[in-house]
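Participant: Below are the chains, spelled out letter by letter.
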Amino acid sequence: MIVLTTLSRSIDSYTVTAVIDTALCVGAGGSSGSLADKPIVRNAEGNLLIPGSQIKGRLRHECEKIARGLGWKISESPSPGNMVIRRDKEPNIFGRSEYEVLGYNETYHCLISQIFGDPVLPSRVIFEDLICTEEPENLAEFIRPGVTINRRRGTAEEKKLYFLETSPPNVSLRFKGEIHLLPNCPSYAKPLMLAGFKHIHALGGSKSAGLGWLSWETLPNFEVTDADWDCLARGGKNAAN
Amino acid sequence: MQRIELEIKALSPLAIARQKPGGSIGEAVDYIPGTVIRGAVAAQILDLSNGRSTDLTKNGGDFQALFLSENPAIFQNAYPALIVDGDIVSKDTLEEYGVLPTTALSSKNKPGFKEEEDDPEKNGVFDTLIDRFCAEGYGYPYDPNCPKDGERVDATGITFYCKVDDEYHSLKVNKRLLTRVGINRRRATSEEEILYSLEVLNESQETKQNPVYYRGAILVEENLAESLRNFIQTRNQNFRLGGSTSRGLGKVEIHTKNPVDAKIDVSDRIAKFNKKLKERWDKWGVFGDPIKESPTSRTYFTLDLQSDAILTENWRRTTIISEKMLHQFAEVKDKDESLRLEAAYSSYDFLSGWNAGWGLMKDVELITNKGAVYLFSTTQPGLWIERLGELEMRGLGDRTCEGFGQIQICNEFHNVFREEAV
Chain F
3 MIVLTTLSRS IDSYTVTAVI DTALCVGAGG SSGSLADKPI VRNAEGNLLI PGSQIKGRLR
63 HECEKIARGL GWKISESPSP GNMVIRRDKE PNIFGRSEYE VLGYNETYHC LISQIFGDPV
123 LPSRVIFEDL ICTEEPENLA EFIRPGVTIN RRRGTAEEKK LYFLETSPPN VSLRFKGEIH
183 LLPNCPSYAK PLMLAGFKHI HALGGSKSAG LGWLSWETLP NFEVTDADWD CLARGGKNAA
243 N
Chain D
83 MQRIELEIKA LSPLAIARQK PGGSIGEAVD YIPGTVIRGA VAAQILDLSN GRSTDLTKNG
143 GDFQALFLSE NPAIFQNAYP ALIVDGDIVS KDTLEEYGVL PTTALSSKNK PGFKEEEDDP
203 EKNGVFDTLI DRFCAEGYGY PYDPNCPKDG ERVDATGITF YCKVDDEYHS LKVNKRLLTR
263 VGINRRRATS EEEILYSLEV LNESQETKQN PVYYRGAILV EENLAESLRN FIQTRNQNFR
323 LGGSTSRGLG KVEIHTKNPV DAKIDVSDRI AKFNKKLKER WDKWGVFGDP IKESPTSRTY
383 FTLDLQSDAI LTENWRRTTI ISEKMLHQFA EVKDKDESLR LEAAYSSYDF LSGWNAGWGL
443 MKDVELITNK GAVYLFSTTQ PGLWIERLGE LEMRGLGDRT CEGFGQIQIC NEFHNVFREE
503 AV
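Those protein sequence lines, which keep their order, are chains F and D.
Per my numbering, the first sequence starts with residue 3, numbered consecutively.
Per my numbering, the second sequence starts with residue 83, numbered consecutively.
Worth flagging that the hints you see were computed from the coordinates, not collected in a lab.
One should not assume that every hint holds.
[Claimed, not checked] DSSO-like mimics (lysine-lysine), calculated; alpha carbons at most 30 angstroms apart, straight line:
(1) D:Lys196 / D:Lys245
(2) D:Lys245 / D:Lys230
(3) D:Lys406 / D:Lys417
(4) F:Lys91 / D:Lys444
(5) D:Lys360 / D:Lys417
(6) D:Lys91 / F:Lys178
(7) D:Lys257 / F:Lys178
(8) D:Lys365 / D:Lys196
(9) D:Lys245 / D:Lys365
Work the whole structure out from these sequences, hints included.
Facilitator: See below:
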């Protein structure tokens, strides 16, 4: 029985701040109004931002790597067809109680899907865009030209001159946003996400060419208990195979 | 019933899809449907009570009363609000607010409400319902032209409007397209077939620091009004509306007003409408004798759809409200034989959606578009006036608790004639 006045569970919110050490290049496909071939993504007010979808996707990827390393079976994201594990068609490797979710009697959900969601189970974590704290007026448009070199001749390749829009380089721009943990978020999400954040050293495009390298100024101050670590460490044990 | 006014401020882009993407672009609607607000409030209550896995139809308490009972709370659509200097204009100062009737027309070359008396850019908007009725009564075709330049007129292209200090404003929101791509986990490059674009409602207007607000309402039984209002107000930044809410979209701040009695008195509007209609009928007398009876002996009223409606007659979908249907909707006990549908201006569309509780798509419904106008007349107004006020409060047709079928009786814009285009 639900009584509105007695609902006491709450959503936990945590601030995340990233400092971009180099220049950031998060492309906005389909944008117009810039001379660049790959313009940078902005919000309606013109602030630079790192989209919540990118933080979520990247953090999910890091958490998947860690959980897989600990021996857990992880469903294959981001392809929706491979993420839903039906119990009647399951090849027995997902047959563990940890993969069962109350109210979802026909499907198994890996540890990562229980945090970040899949086509059947809604996400239990909400990510906001990380928005640049600097006013857009103070940030001049910075266009970075690039050219591809022909490997045989060692000169510029034909038709391969391109322009990337980036944030101004080496000015330590801060990007701030929040993440929210819903009341039904599993407790092992905290250590896993914290470890995942510490694995992210760069975001956006052209990371291998030196763009988008960052450091975390503020990470969520999760309270992590020993029980949470123990829960994660059970990955290799009790497996059906 | 009590009415809780909502002011919804967009804090991040809102991806409220008109239809689920069959292609790679999800179109967005330009308002927040009541069904989306209802879903967000229900999801919040379920998350906070851990009630998702239990059967709430039997012993659901307040949740059952709000969403599953015979008289559930009505979540009306939230439409764009008027913003002046970054602040929302209070509802009390608005003389009119809502959906412009489809009978309104404007110049094809320079459409829109006039911002000043001799606006060089806009030739003004006027309504044609009463003139059409009179022209028909006198046996003439009605083919208006622009009162300013004599050129062609067309539909206004304005959906939402308001009137403040005798000035009319159209209310619009801006949209933009966000393109996203899925990344293949093994190759760290873009995943095949996961490139998509979302059309979103902007979180601020073009001028900086100018937020976007929407205005809606919830109608709820007296005993739950205060607790629902407190529930929403204390968690005013926890609600997420529309799609992709876990990845940065859909964040809003909802401010609520104190619940007030939702009862509506429509008698003044009906009287004003009838006065104008009869004056106009007399003016048309310069063209000779009418071919229809004079409207002096009857009382006229209009039903203006303020939201899309799902209408059914004899189990079949329809876009017309017949006399029989109106009797049923208004629950008029003594059948009024004199009730007559004089005119109907409506069009249709198809609508689906996503029900998070089911985890499935909603059925595709044939809807009657908002803005539709139905003109009725009767010789027994006493039977109707109170019932029409009740109908304006509750709405008509199916799924009224999700904001469908909201109506307004005798929208005041019908009293704006061609020579007084605004």
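Participant: Determine for every hint whether it applies to the structure shown.
Facilitator: Hint check results:
1. A hinted pair counts as satisfied when its Cα atoms are at most 30 angstroms apart, and D:Lys196 with D:Lys245 qualifies at roughly 12 angstroms.
2. Under the criterion of a C-alpha separation no larger than 30 angstroms, the hint pairing D:Lys245 with D:Lys230 is consistent with the structure, at around 22 angstroms.
3. Straight-line distance between C-alpha atoms of D:Lys406 and D:Lys417 comes to about 9 angstroms, which keeps the hinted pair within the 30 angstroms bound.
4. For the suggested pair F:Lys91 and D:Lys444, the alpha carbons sit about 27 angstroms apart, so the restraint of at most 30 angstroms is met.
5. Of the pairs offered as hints, the one joining D:Lys360 and D:Lys417 holds, with about 26 angstroms between alpha carbons and a cut-off of 30 angstroms not exceeded.
6. With a CA separation close to 20 angstroms, the supplied pair D:Lys91 and F:Lys178 stays within the 30 angstroms bound.
7. Distance hint between D:Lys257 and F:Lys178 is fulfilled; the C-alpha atoms sit about 24 angstroms from each other, no more than 30 angstroms.
8. As the CA atoms of D:Lys365 and D:Lys196 are separated by approximately 26 angstroms, the hinted pair is consistent with the 30 angstroms bound.
9. About 27 angstroms separates the Cα atoms of D:Lys245 and D:Lys365, which keeps this hinted pair within 30 angstroms; it holds.
The structure fails none of the hints (numbered hints given earlier).
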